[in-house]
Amino acid sequence: MSRQLKSVLYGIFVSGLIAFGLTGVALADGTASGTSIDNLATVDYDVDGVAQTEIESSPSGNSTAGVGNGTDTSFVVDNKVDLTVATTDGAAVAVTPGDQDQVLTYTVTNDGNTVQDYSLTVPGASGTWGGATDNFDATSVNVYVDANANDTYDSGTDTATYIDELAADAEISVFVVGDIPLAQSDDDGALYDLIAQTAVGGTGGSQGADITTDDAGSADVAGTVQIVFADGAGTADAANDGKHSSRDGYLVQSAAMTVTKTSAVVSDPINGTTNPKAIPGATMRYTITVANAGNEDADDVTVVDTIPTNTTYVAGTLELDSASLTDGADADEGDYNVTNAGAVTIVISAVAASGGSSTITFDVTVD
Amino acid sequence: MRRSAVAVVLGVLVLALAAGAAGSEKPGSIKLRVIAETEEEITTPTGETETVRVEAATVVPGDEVIYTIFYTNVGERPADNVRVTNPIPEHLLYVDGSAAGDGTTLTFSVDGGNTYADAADITVRDEHGQTRTATATDYTHIRWTLDRTLGSGEEGHVSFVAQLM
Chain A
1 MSRQLKSVLY GIFVSGLIAF GLTGVALADG TASGTSIDNL ATVDYDVDGV
51 AQTEIESSPS GNSTAGVGNG TDTSFVVDNK VDLTVATTDG AAVAVTPGDQ
101 DQVLTYTVTN DGNTVQDYSL TVPGASGTWG GATDNFDATS VNVYVDANAN
151 DTYDSGTDTA TYIDELAADA EISVFVVGDI PLAQSDDDGA LYDLIAQTAV
201 GGTGGSQGAD ITTDDAGSAD VAGTVQIVFA DGAGTADAAN DGKHSSRDGY
251 LVQSAAMTVT KTSAVVSDPI NGTTNPKAIP GATMRYTITV ANAGNEDADD
301 VTVVDTIPTN TTYVAGTLEL DSASLTDGAD ADEGDYNVTN AGAVTIVISA
351 VAASGGSSTI TFDVTVD
Chain B
1001 MRRSAVAVVL GVLVLALAAG AAGSEKPGSI KLRVIAETEE EITTPTGETE
1051 TVRVEAATVV PGDEVIYTIF YTNVGERPAD NVRVTNPIPE HLLYVDGSAA
1101 GDGTTLTFSV DGGNTYADAA DITVRDEHGQ TRTATATDYT HIRWTLDRTL
1151 GSGEEGHVSF VAQLM
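Order-wise, the sequence lines are chains A and B. Using the working numbering, the first residue of the first sequence is number 1, and each one after it goes up by one. Using the working numbering, the first residue of the second sequence is number 1001, and each one after it goes up by one.
Do not take every clue at face value.
Output of the computed footprint for chain A on chain B, the stretches with three or more beta carbons under 8 Å from beta carbons of chain A [to be verified]: (1) 1029–1037; (2) 1049–1062; (3) 1070–1079; (4) 1082–1089.
Calculated from the structure, these hints are not laboratory results. Cβ coordinates follow ideal geometry from the N, Cα and C atoms, glycine included.
Generate coordinates for the entire structure from the input sequences, incorporating the hints supplied.
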């Protein structure tokens, strides 16, 4: 039965009760396991026109008239093991190389009818999910349970590594926390499946044993609470196995820099600026382009270029994006022979993500 | 838990037998037996899938339980106006249209068994005070009234299905 239909039925049932003035009926997501369901029928009849004393039923048959002489036909409600693991991150979580304690957020919901513990594992996954393609592993990957119901990872507070005593219909947040190696590059991905495994509940503060098999293969015992797996398949588990799982991951967002340097002859002493050649005394122009094809801005990009041997820097020719820079040590972005001896040094405050670039030019003369 | 329940049942039976033997209580002339069953799919030795009824033992929310009530006139006189009544057990919802019983007239109660009427004639008030026809989930009791006299030694059965909430 679909949950939607069930809740509709509940709604009808509740309104029916209200119609008779009965209130205060709390309906959880299913009758709790261990509840005894008792049924007692009665029969009334006449003999020779005289109404006889009512007779109650029993499982084996009762013919003794009178209230209290029957016996309920009963069974206990069994343990329906059902759970849902779901990530609350809509897509892979953006991280930067070198980031510590990066959090993937999940929820685990007890869809069954019994208080349960859950053990948690986070194997790596492959493939593509949420915009990230798996090609690396985060380090120091741990899983922690939300201790203070704020759905946010609090280092030092959220320390439990298993879910303790999750009531029927209750939900709790679980965090996968990992470090991103500094060596990772833009668009690298690391995917993980969080698997929650149903475990025996009922004792607070201690982790119950995993429930890995149900009683489908066992004989039915009317008076005993038996285990029935009713969970769906997750990203890393099958249906009806007492587990559920969901995928999430990290997507590295970084700058991706390329540097291009070209040279051209501007003029020479013989031909001037018409088809100049690189002969002694000629003026050469170097053009350095730094471009960022990554997903993050690159900040404080420092370009250092030593003036080649047998050439001499032409004072006052340093430009950044066609704007002149002074050669001296001052507030502008560049200098010559100050920060680095015999070299031009330019510090660009930011090269924008996704195709931003800056161009540096300066002239030298051939000795 | 289970052992003590069995002990209680045995105790009740012993008391009932003792009461009958002592003649302190008038023995009824109709024997009433109720069984609870669920349907299960089994694979036969020939590899075919078959639905069978088994004693209700493994039941989880959403499952349907089939109750069958057997009646037998164990007295020497014919019984007239035989009415079998079954309250919908707590935590269960009656499955619409499931009540059955050959040679019986079916009525329902929505007021805890005080009054019974044909399904089409029962109304309840909704949360807005509006009157509407009762639906399966409104029923509190089911009653089967035999259309005939139940002679000595004659027997029959009625049944209904309810879903565990």
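Check: Of the numbered hints stated previously, which ones are contradicted by the structure, given in increasing order?
Finding: Those not satisfied: there are none.
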